[in-house]
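Peer 1: Sequence:
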Amino acid sequence: MSDVSLPDAQRIVITGVGLTAPGGSNSLAEFREQVLAGRSGISTLDLRYMDTYPAGICEFPETKYRKKKENKRSTRAGCIGVYCAGEALADAGIDFSEYERSRTGVYMGLTEHGTVETENEVYNISKYDYNVDYWTHHHNPRTVLNNPAGEITMKFGITGPHYSVGAACAAGNAALIQGSQMLRLGEVDFALCGGLSECVGSFGIFASFRAQGALAEHEDPTQASRPLDQDRNGIVISEGGCVFALERLDKALAREAKIYGEVAGYAMNSDARDFVLPYGPRQAECIRLALERAGLSPQDINIINTHATGTRQGDVEECKALAEVFADCSAVRSNNTKSIIGHAMGAAGVLELAANLSAFEDNLVHPTINLDNPDPDCALPGLVAGRAEKLDQVETILNNSFGMVGINSVVIIKRFMAG
-8 MSDVSLPDAQ RIVITGVGLT APGGSNSLAE FREQVLAGRS GISTLDLRYM
42 DTYPAGICEF PETKYRKKKE NKRSTRAGCI GVYCAGEALA DAGIDFSEYE
92 RSRTGVYMGL TEHGTVETEN EVYNISKYDY NVDYWTHHHN PRTVLNNPAG
142 EITMKFGITG PHYSVGAACA AGNAALIQGS QMLRLGEVDF ALCGGLSECV
192 GSFGIFASFR AQGALAEHED PTQASRPLDQ DRNGIVISEG GCVFALERLD
242 KALAREAKIY GEVAGYAMNS DARDFVLPYG PRQAECIRLA LERAGLSPQD
292 INIINTHATG TRQGDVEECK ALAEVFADCS AVRSNNTKSI IGHAMGAAGV
342 LELAANLSAF EDNLVHPTIN LDNPDPDCAL PGLVAGRAEK LDQVETILNN
392 SFGMVGINSV VIIKRFMAG
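Letter by letter, the sequence shown follows residues -8 to 410 in this note's numbering.
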């Protein structure tokens, strides 16, 4: 899929990154500094009908691309999306003089959308004896699934296709795959793709994870997210977003664009077993398929970014899959970004990829934090914990992202090499 023998018009590269992550990182450089330092982005959130819980909250310049009045009519996911898309366009140096807006696609991954607005509206009319006359007329356009992608097109005048990709917590990876496929098919010439999460605005998501016994608690919020650790007790819910600018290599070279990396391979499959319980053997199949499509062997992978969320079975199942596929790979290194920023749901896959993307330049593997008591059932090949590790050179990054109802995704990015 990424063999350099492919024509440049079929090779897909990342030329821009826009993001906001818990802990105050609003650019790739800031985010890289945060994860290399192992600085947690988790704080606390007071929840309606519930107590205070650890959560990942973003702070970004919300009026950089839109006025306050526009944001008020918008959704939180839309605000995050517009900011990240604007930053990705600026980072890629796109002013639409090289590309037509009608040939630009926008593909945004979402775990869910509309719950925040619906909960808020129900709470609002509860103050008026549930009189629906007080229900906002903005509700429908706010809650349709394509809303965040559509808000991006309206802000930047993009008239090509836009839609949201619903793939649970694999949605960010799924949107990146979708953008790559549309470029290869010639459906678009330029793509903005990524993932968004507004989950901290929904008490229902917190309540549901608590009901499942899967909501993390800790007296120190910065230590609450602890995937792979024996003392983990669940997921830390986070908001956030990351948007990548994708182009065909021939066009990127022609305009002398900065190239962060090349999409080498990808795969998606389904467990077809359970609503919430993951299944390691099917995850292993997905990893092997992505490697096969990339024309790579397990020994060719330098960094594995694990999906592990801090749930007991989820962590163990993924680790079993990775131990199987990478059993003979002593040089591979693995890490976990959620330990630093929590679980950003629909944005998780792309934010975690972004956290590792700069390894092609600095050859560093960012650490997993809060791993004080490693779970022996979660032994991983080359797990980097506590502090960053320097490699001789990083050529490939494999990014796992799995979700509820048994959806699995794997994306492999490689260092760009002209050929």
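Keep in mind that a hint or two might mislead.
With a Cα cut of at most 30 Å, we get these calculated DSS-like pairs of lysine-lysine [what the hints assert, rightly or not]: (1) Lys55 / Lys311; (2) Lys60 / Lys146; (3) Lys311 / Lys242; (4) Lys60 / Lys118; (5) Lys146 / Lys311; (6) Lys118 / Lys242; (7) Lys242 / Lys146; (8) Lys63 / Lys118; (9) Lys58 / Lys242; (10) Lys55 / Lys118.
Quick caveat, the hints were computed from the structure, so don't treat them as lab data. This one's a predicted model, so the numbers in the text were calculated from it and none came from an experiment.
Peer 1: Against this structure, judge whether each hint is valid.
Peer 2: Status of each hint after checking the structure:
1. Lys55 / Lys311: violated, 44 Å
2. Lys60 / Lys146: holds, 13 Å
3. Lys311 / Lys242: violated, 41 Å
4. Lys60 / Lys118: Distance of about 24 Å is within 30 Å: holds.
5. Lys146 / Lys311: Status violated; Cα separation ~44 Å.
6. Lys118 / Lys242: violated, 56 Å
7. Lys242 / Lys146: Holds, at about 24 Å.
8. Lys63 / Lys118: Holds - the C-alpha atoms of lysine 118 and lysine 63 are around 21 Å apart, at most 30 Å.
9. Lys58 / Lys242: violated, 33 Å
10. Lys55 / Lys118: violated, 34 Å
Taken one by one, the earlier hints fail for this structure at numbers 1, 3, 5, 6, 9 and 10, listed in ascending order.
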